[in-house]
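Peer 1: Here is how the chains run, residue by residue.
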Amino acid sequence: MSRPRADMSGVPDDLCPVATVPSPMLAGDWRAMRPVVARERCVKCAICWLYCPVQCVVEKATWFDIDLAACKGCGICAQECPHRAIRMLEEAGA
Amino acid sequence: MNNMPNNISRIAVCDGNEAAAWGVKLSRPDVVAVYPITPQSSLVEYLSKFIADGELDAELMNVEGEHSVLSALQGACLAGARTYTATSGPGLAFMFEPYVRTPGLRLPMVASLVNRDMLSPQCVWGGQQDVMTVRDAGWIHMFCESAQEVLDTVIMAYRIAEHPEVMLPVNVNHDGNYLSYGVSRVEIPSQPVVDAFLGDKNVNWHAALDPDRPMAVDPLTGGADAEGAARFAAYRQSLCRGMQNALAVITDVHAEWECASGRAFAPLVEEYRLEDAEIALVTIGSMSGAAKDAVDAAREAGIAAGVIRIKTFRPFPVEALARAAGKVRALGVVDRAVSYGWNCGPVCQEVLGALYRTGRAIPVLSFIGGLAGADLTGAHFTRAIEATRQALATPPETLAPAPVWLNAREEGMPR
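These protein sequence lines map, in sequence, to chains S and E. In case it helps, the UniProt record's numbering puts the first sequence at residues 1 to 94. In case it helps, the UniProt record's numbering puts the second sequence at residues 1 to 415.
Incorrect hints may have been included.
Some but not every residue of chain E turned toward chain S, in silico, with C-beta under 7 Å [claimed, not checked]: (1) Met-215; (2) Val-217; (3) Pro-219.
To list a few chain S residues with every Cβ distance to chain E over 10 Å, as calculated [claimed, not checked]: (4) Pro-4; (5) Trp-30; (6) Ala-38; (7) Cys-42; (8) Trp-49; (9) Val-58; (10) Pro-82; (11) Glu-91.
What follows is a list of derived Cβ distance ranges for each label pair [what the hints assert, rightly or not]: (12) E:Pro-211 <-> S:Ala-27: 17 to 27 Å; (13) S:Asp-13 <-> E:Asp-195: 28 to 38 Å; (14) E:Asn-62 <-> S:Asp-29: 35 to 45 Å.
Derived from the structure by calculation, the hints contain no laboratory data. Cβ coordinates follow ideal geometry from the N, Cα and C atoms, glycine included.
From just these sequences and the hints, can you work out the full model?
Peer 2: Below, the structure is given as structure tokens:
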């Protein structure tokens, strides 16, 4: 769902600092730890979805998975998962 | 009532806090966020009553602290609301982070500072250490002498803040105790006069929160690369420009308010009995009345003294101050705050800076008094006049660099 961006033409660009273009930088570019979901252990309780601070948990047919472009690797989902279905693995190289 | 001019709705007998609340009510803010603190509390209680009684149609937000007060008002202002709050001393300190952000976002808020001396030692009484500590945070600062001036300046502050060439928040300062609780006669302007004076509000034409046209407010700016550095510098330059523009806007708004209300106040610097004066006291805020009385008495005794009262402190009225100071041969600057780093009063430090523009090195004495609710009486100002007169015969470079403490311990006082 794309919305029109705020039109700032005609407004001096040195008054209130604003940004109308999203930053191209994604957390996936600098994440140190990567969450990996064990699909057979996931019961879709959605605890990870509730706790994820950047809302990058996505629903699949029989499990919840992680959008790795947006995930910053904080590990909260792995910490909170009551079924220990999420492990944090070190990112290795590019 | 029949003799009442039609630009006045009634004559009230009230203190400065109630006068400020009347000024706010007549300016019709949309959102008021408050947290009570001495000596500001009764001000926001008057406002709460206006809103509860349906006399002021505003959203009153009782939040959990001053940091939240100003954060809530930033959102309200970006959404297009005219906003108001008031605080004092430690409340201002707790507000500091959103306080320094507000001018950078160019949000035209109005907030009263009911000046209170600062910690430590713990104290709850008047003094100007709170405002002097934040004097270069980017807010416009005006200081009032009377309850009437408090009311009128709150109204004028909205015109000044919201002027498109200014777009900066304004603090209307009134001294805790002396003005917050001192009762006097106050003319309440009629609502149509204030409505016509303020006109239509447009506080967020430069950055409006709108879910249909999303934007991020205050993104990371600056950094080591030349482009980021130049962008950051541009915001700073723009803020300085808004400040300098405010000097003319403040002057124009005071002239317009005089036409609308029939009451005249010096916009930047008030000159009192300066013609043919040899020396002048420089004052700020409510102390000025006692200083004028002392000058009247000195004049009767044949001493050519006057008063220079600073109304607008930020932007600092360098030219107006230099013009006034150019009429005399010595100055005594009376402060209700301390510049620890300069071992003098902060107003004195600023006056010394302005005097450089005149190219005249005249004797300047720093007097510090009225701290933590201490009384500044006619006798104190008479002492200041006498000491300043003696400085006339002293080359400036040989003057003692230390301030004169007007309420200092005297011989025989119990410890």
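Peer 1: With reference to the structure, classify each hint as holding or not holding.
Peer 2: Against the structure, the hints come out as follows:
no. : hint                               : in the structure
1   : Met-215                            : holds, 4 Å
2   : Val-217                            : holds, 6 Å
3   : Pro-219                            : holds, 4 Å
4   : Pro-4                              : violated, 6 Å
5   : Trp-30                             : holds, 15 Å
6   : Ala-38                             : holds, 37 Å
7   : Cys-42                             : holds, 33 Å
8   : Trp-49                             : holds, 24 Å
9   : Val-58                             : holds, 22 Å
10  : Pro-82                             : holds, 33 Å
11  : Glu-91                             : holds, 24 Å
12  : E:Pro-211 <-> S:Ala-27: 17 to 27 Å : holds, 24 Å
13  : S:Asp-13 <-> E:Asp-195: 28 to 38 Å : holds, 33 Å
14  : E:Asn-62 <-> S:Asp-29: 35 to 45 Å  : holds, 44 Å
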